[in-house]
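S.K.: Model the placement of chains B and G on the given structure of chain E, informed by the hints.
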Amino acid sequence: MVRFVIRRLLFAVSTLFAISVLTFLLFFAVPSSPAEVMCGKQCNPTQIEQTEHRLGLDRTLVAQYGTFVAGIFAGRTIGAGDFIRQCPAPCLGYSFRTDEPVTDILKRTVPVTVSIVVGAATMWLLIGVSLGMTSALRRGTLFDRLAISVSLVGASLQVYFFGLVLLLLLVYRTDLLPAPSYTPFTENPAKWALGLLLPWITLGFLNSALYARLSRAQMLETLSEDFVRTARAKGLPKRQVHTRHALRAAITPLITIAGLDIGASLGGTVITESIFGLQGLGRVSVQAVEDLNLPIVLATVLLAATFIVLANIVVDMLYAVVDPRVRLS
Amino acid sequence: MSVPPAAPPDEPYLQVRDLTVQFPTEDGLVRAVDGVSFSVRRGQTLGIVGESGSGKSVTSLSILGLHNAARTRIGGEISVGGRNIVGMADEKIREMRGRDMAMIFQDSLSALHPYYRIGVQIAEAYRIHHPSSSKAEANRRAVEMLDRVGIPQPERRARSYPHEFSGGMRQRAMIAMSLVNDPALLIADEPTTALDVTVQAQILDLLADLQREFNSAIIMITHDLGVVAQIADEVLVMYAGRATETGSVEQVLRSAQHPYTWGLLASVPSLHGDAEIDLVPIKGNPPSLINLPTGCAFSPRCRYAGRNGNRSFVEAPQLRPAGQPGHLVACHLDADSRLKIYQEGIAHAGAAQ
Amino acid sequence: MRLKIGALAAGALSVALVASGCSKTENDSSNEDEKATVQAGAISYDANDNKGPAPAVEGAAKGGNLGVFLPDGFEHLDPARSVINVETLTNQMIARPLNGYREDGKGNLKVVGDLAENPGTDVNKDCKVWEFKIRQGVKFEDGSPITANDVAYGVARAFSPDLAEGPHYLQQWLAGTDYNASYKGPYNGGAEVPPGVTVPDAQTIRFTFPEPHCDMPYAATQSTSVPVPKAKDTKTEYDRKPFSSGPYKIKKYALGNSLVLERNPHWDPATDPLRTAYPDSITFDFTLAADQIAERLIANAPADQSYLSWVLVPAAQLQKTTMAGVKERVVSGPTTFVWYFYLNNQRIKDLNVRRALNYAIDKDAVLKAIGGSAAGTPATTLLSPTVAGFTKYDVFNAPATGDKAKAKELLGSTPPPPLVLAYANNPRRSAQAEAARKSLEAVGFQVTAKGIDPTVIGTELGRKDNPYDIYLGGWGADWPGGSTALAPLFDGRTITPTGNQNLAYFNEESVNTEIDRIRTLADPGEAAKAWGALDQKIMADYAPVVPAYYDNSYTLTGSKVGNASVSDAHGLPGLSNVFVKP
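Residue numbers (our numbering), protein chains in the order written: chain E, 1 to 329; chain B, 1 to 353; chain G, 1 to 582.
Extracted from the complex, chain E is given alone in its bound form (with noise of 0.2 angstroms):
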């Protein structure tokens, strides 16, 4: 186990360091500058020269790109005479739009994605596979067809179009609800929830159409398996049945898709930010490529891989410890 860990941290820290390496590339590869667009119609060429300076775009990529490597491991310092900052560990540099340190932008706008995809994964996770599992071991009755209905159309709406619905309906039309926010969660839980409440129904929601869906399938699959009727055959109550051998070996799979689908929406959320106007990481990464913004890009492509792959860690170490079959080596 320790060097499955080991060994897939190493990896974990290539595959961030190979995804870097290509967002700078790729950041470069796009034939505009931006010091141009920072400076506008005020720039006459020194300017823009003096900008590019400021920003560290004028030295050589790979000189940029060490100093920014470096920066994440030992911090750096940041400007020259009266303008010189410290930037500690783990730097990433200064937002070119706004000078705001990377950091700061991540600390603020980190918790409101986690928070949205916790409490949305909580909501479809418990929605979502219940309703399958309990649809699958319901096969074929009224309480079946009307679960499939509901997610078939769950299915296949769209978060703009749901959540802009819901929006209009519960908030702006008729104040059920408080139009959403952001409170931190230490500062005020009730006020946390409230204020993402609409999010997580939205996204709770669709995403509850698809488990359902999928742990629908996943439960018929598992309850026609041999084992469910050996268990059957020993004697097994029903529910012993359903719970502690075919729940248990349904799940499984929806381990390593909710698990991925949480990493890849911890990345950012930027339909479901955007449209409850939250600023996560989906809204600031979306923004910072607009503006060309560099660091905030490389931070948040970076913190979306890495969201990524430690979901896949996780996954694959959750299920090495449900099925005793996966060796982890």
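Since the hints were derived computationally from the structure, they do not count as laboratory data.
Check each hint, because a few of them may be wrong.
Unchecked claim - Straight-line distance between alpha carbons at most 16 angstroms, and here's what the computed EDC-like set of lysine to aspartate or glutamate pairs gives:
hint : chain 1 : residue 1 : chain 2 : residue 2
1    : G       : K560      : G       : D280
2    : E       : K238      : B       : E95
3    : G       : K241      : E       : E100
4    : G       : K537      : G       : D394
5    : G       : K235      : E       : E52
6    : G       : K230      : E       : D82
7    : G       : K438      : G       : D364
8    : G       : K51       : G       : D268
9    : G       : K232      : E       : D82
10   : G       : K241      : E       : D99
11   : E       : K238      : B       : D90
To be verified - From the structure, some residues in chain E lie toward chain B, with a derived Cβ separation under 8 angstroms:
hint : residue
12   : G56
13   : D58
14   : T60
15   : R232
16   : L236
17   : A249
18   : P324
Quick reminder that beta carbons are idealized off the backbone N, C-alpha and C, glycines included.
M.R.: Showing chains B and G alone in chain E's frame:
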């Protein structure tokens, strides 16, 4: 209609009378089992033989009540230890499952739960019917059973997972699990098919051994007449959901009366000869159970069909005495023709024994 | 001044990101029947205009919290670094430059002294030496008096390469185009007063330029001349908490979320001719996107009623803004932007073809593609109606939908050249390009439409040898004078290999010399008139572009916001004289 075997002095533990099992589907009604009767006494082994789709597995599943009740129509009578389980409440049947009747499945790898240790799975089977027993007791019992079925270091192996066992060991574990509650009836559905020949023999020996010890009634479901020859006392040959021939092992294997049985005998690889030559599979495929041929279900594949005018194609043959007591066959051929054909062709091929 | 990108609905600007300026126009912009006429310069030395307090707004009430919705927040609030309209409008609440715009909400705008007693004295009447007298009694948020030294220090800071994002006019006028080649601000041992600036006494600041700059009263409205006390200069950190000289000061600034302003108790309304500052506090909310802001203000829930918005209503929600209960809360008015189809004069050399293009383009369809009259009004001139000197004319007299017959007639029998139509690849611009393509093909042009990534289109079109013939771009003057409207676009001598703003690549000797002449006119009225005349001459004689439409600002407010109107100078509702209804 069928004629039950002559009643033995002691009541058979399992008595199946005119069993029909049907699945309504969108394409039509599947008649998986169509009027089959048989019985097994304790200490006795019945071999049910047939190709896949002949209804033998469905028969065994319905005895345990493992069919999907919502999608199955079941008729006739299944009497287990004197209680008819057809129409019995599911909960009552469940209580009997694993305690009075148990089953061994063909593929022990898929039949055992991959996530639970062998010992746990056996102990679970024990505790469900011995609710007052402690966990430790159940575990002890599991280890004891593993030991009994010949698994070395049973305490250690009880902590292993199914995938860590070899095929033969796993099947032994499966047997241990099925016998943990001393069931009076054991149904073994192709228990040795997935195993290689030497292991197969060991497992069959083990079963025979255990049967002596526990005095259980065994139903051995197989497509392999060799297995039947080794372990069974009585044989029931099934085709397309019906019984085509039944009798003692001696009767059915040594003087088979039904062309289908002949075919089965011919397709058994001889242990002595060249498999390539010996193996004569029955031509054609089993019929669709939704659209059974009128008349004798076997007629499309039977080279002797039509020898009695068109009876084979209009009238389903009933089980009739085939000569020796207890030997019944469902065939339109008269006894003389059967004997003649058998002596000329089948015995010559020398397939069975 | 740069327009907030979001203000033009996400990536709306295809070319210039620069805008603003304006002038007194006699027409009420909401009333299309009135004809705009030539305007004299809007610089007012009238003592009444320059005297505090600002005229009271009828029916206004003091108090309450005014809210502002704007997507994505501010890049900078440091006066040396802020240039986007939302930043400038916000800075007006916490910072007072030498001059400011006094607007009456009906399109009338005057440049008056803000921190200064009047818009500046042209000492030698040659536009080279400008003197400003700081008002008596103006104070920073800590109660200390604002002096000319603080203004000089603010200008000095703007020379620093580390604080370079703001306007550059004053710096360049003082020290040349490469203004910080030698003097780099008051840091690292630099002088606290920049070259060309003197502070004879605490009340007086004097700018001496090598060249005449008659637009100085306009340039002094920019945030470059906001006072910054040296003791409070936190360099790059100043962006987070500028030291207030205005009616409000920063209470809480949560980057990416909100900014809350509270009253600056040391601000004296008697010293301020521009701001009534009715609300007790102002809250800026950055968390919503344009469409949500529109939805929320349409719904007008109690919590949102005291909010106005600094983002245009997206096309999807325009329909809803015509409902009763909503339409009364629309704040609409022209911005300084004019949108042109630039014709690449290096490629389309035939004047008749350029004229034919002016007849061919269906301006009405191009506007309808982005929301119709809410988005703008069909244009016939180069100058915006908000700019001093704007004269309404139409050299082609074609309907807004175009005149196909006239276009075909001009093209004659010669086959029209194939055209490459470039556009920013986003939904709005694509829709407009499609409308333009249809109208061009209707008169026989073969059109190849080429979408370009919005982030690079400026760079692409700015290359002198770009392979495109026609492209839509917006331009806004930095202030309401013709100099920042016409000169950057039509002075052929500014054309360089890359980074061009003269996107028509238009270069005519007579126009260049006329630009030089107007620039030295000391009388703002005379200059305005000359710019208006040049506008018409360029279109009549050369038709280097197709004026497409005058940009319009169209935003919503909640029902408790009083006296909101589009600032001609900034294209969005200003906050100086807005009040919250109780």
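S.K.: Looking back at the numbered hints, which does the structure fail to meet, lowest number first?
M.R.: The structure conflicts with hints 5, 12, 13, 14, although it agrees with all the remaining ones.
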